[in-house]
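Please arrange chain B on chain A, whose structure you already have, making use of the hints.
There are 2 protein chains.
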Amino acid sequence: MAIQARVYVTLKREVLDPQGDAVRRALGTLGFVADSVRVGKFIEISVDTEDRASAEHDLRAMCEKLLTNPVIEDFRFELD
Amino acid sequence: MAIQARVYVTLKREVLDPQGDAVRRALGTLGFVADSVRVGKFIEISVDTEDRASAEHDLRAMCEKLLTNPVIEDFRFELD
Numbered sequence: 000m001a002i003q004a005r006v007y008v009t010l011k012r013e014v015l016d017p018q019g020d021a022v023r024r025a026l027g028t029l030g031f032v033a034d035s036v037r038v039g040k041f042i043e044i045s046v047d048t049e050d051r052a053s054a055e056h057d058l059r060a061m062c063e064k065l066l067t068n069p070v071i072e073d074f075r076f077e078l079d
Numbered sequence: 000m001a002i003q004a005r006v007y008v009t010l011k012r013e014v015l016d017p018q019g020d021a022v023r024r025a026l027g028t029l030g031f032v033a034d035s036v037r038v039g040k041f042i043e044i045s046v047d048t049e050d051r052a053s054a055e056h057d058l059r060a061m062c063e064k065l066l067t068n069p070v071i072e073d074f075r076f077e078l079d
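From first to last, the protein sequence lines are chains A and B. In terms of numbering that gives the first Met the number 0, the first sequence is residues 0 to 79. In terms of numbering that gives the first Met the number 0, the second sequence is residues 0 to 79.
If we strip away everything but chain A, and leave its shape as in the complex, we get (with noise of 0.2 angstroms):
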């Protein structure tokens, strides 16, 4: 069986959003006020192991090898 994870990668927070600013601005114009728009990138990936603690270190790895890039963006992660 396979298990199922859910990574979330953003911005650090002391990095600028152009997209963020660009979505804010274009929701401004439809009418909506928002105070910051940050976008980040939601991963759903299924590992192949029943072992939680092998799935974790590997999705750990795959983040900081892959995922993300650690100079600009943080990441978390859960696992079903």
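Keep in mind the hints are simulated off the structure, nothing from the lab. Hints are not guaranteed to be accurate.
[What the hints assert, rightly or not] Straight-line Cα separation of at most 27 angstroms, DSS-like style, residue types lysine-lysine; simulated pairs:
no., chain 1, residue 1, chain 2, residue 2
1, A, K40, B, K11
2, B, K40, A, K64
3, B, K64, A, K40
Structure of chain B alone, referenced to chain A:
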């Protein structure tokens, strides 16, 4: 005070995800076995209201009008 919302945007199940497939293959080249990878968006919005009902109403409208493509994407959101 503003209400913090987290919006999760995912491709509908029946829609192909070439970005997710590219990530799955890239993970494979790094030695990780993932059965499936689906890439979505995670949007943090600070809504300028104290009324939760109004914030929910606005967020639904934001999702339907701007944040998602309802033909190919689903969304859900949470308020703090």
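**Item:** Given pair status - K64(A), K40(B), alpha carbons within 27 angstroms
**Value:** Measuring from Cα to Cα gives roughly 20 angstroms; hence the hint holds.
**Restraint check for K64(B) with K40(A), where alpha carbons must lie at most 27 angstroms apart** = Measuring from Cα to Cα gives roughly 20 angstroms; hence the hint holds.
**Asked** K40(A) and K11(B): Cα distance at most 27 angstroms?
**Response** Roughly 16 angstroms between the alpha carbons, so the hint for K40(A) and K11(B) holds.
Violated hints are absent here; each numbered hint is respected by the structure.
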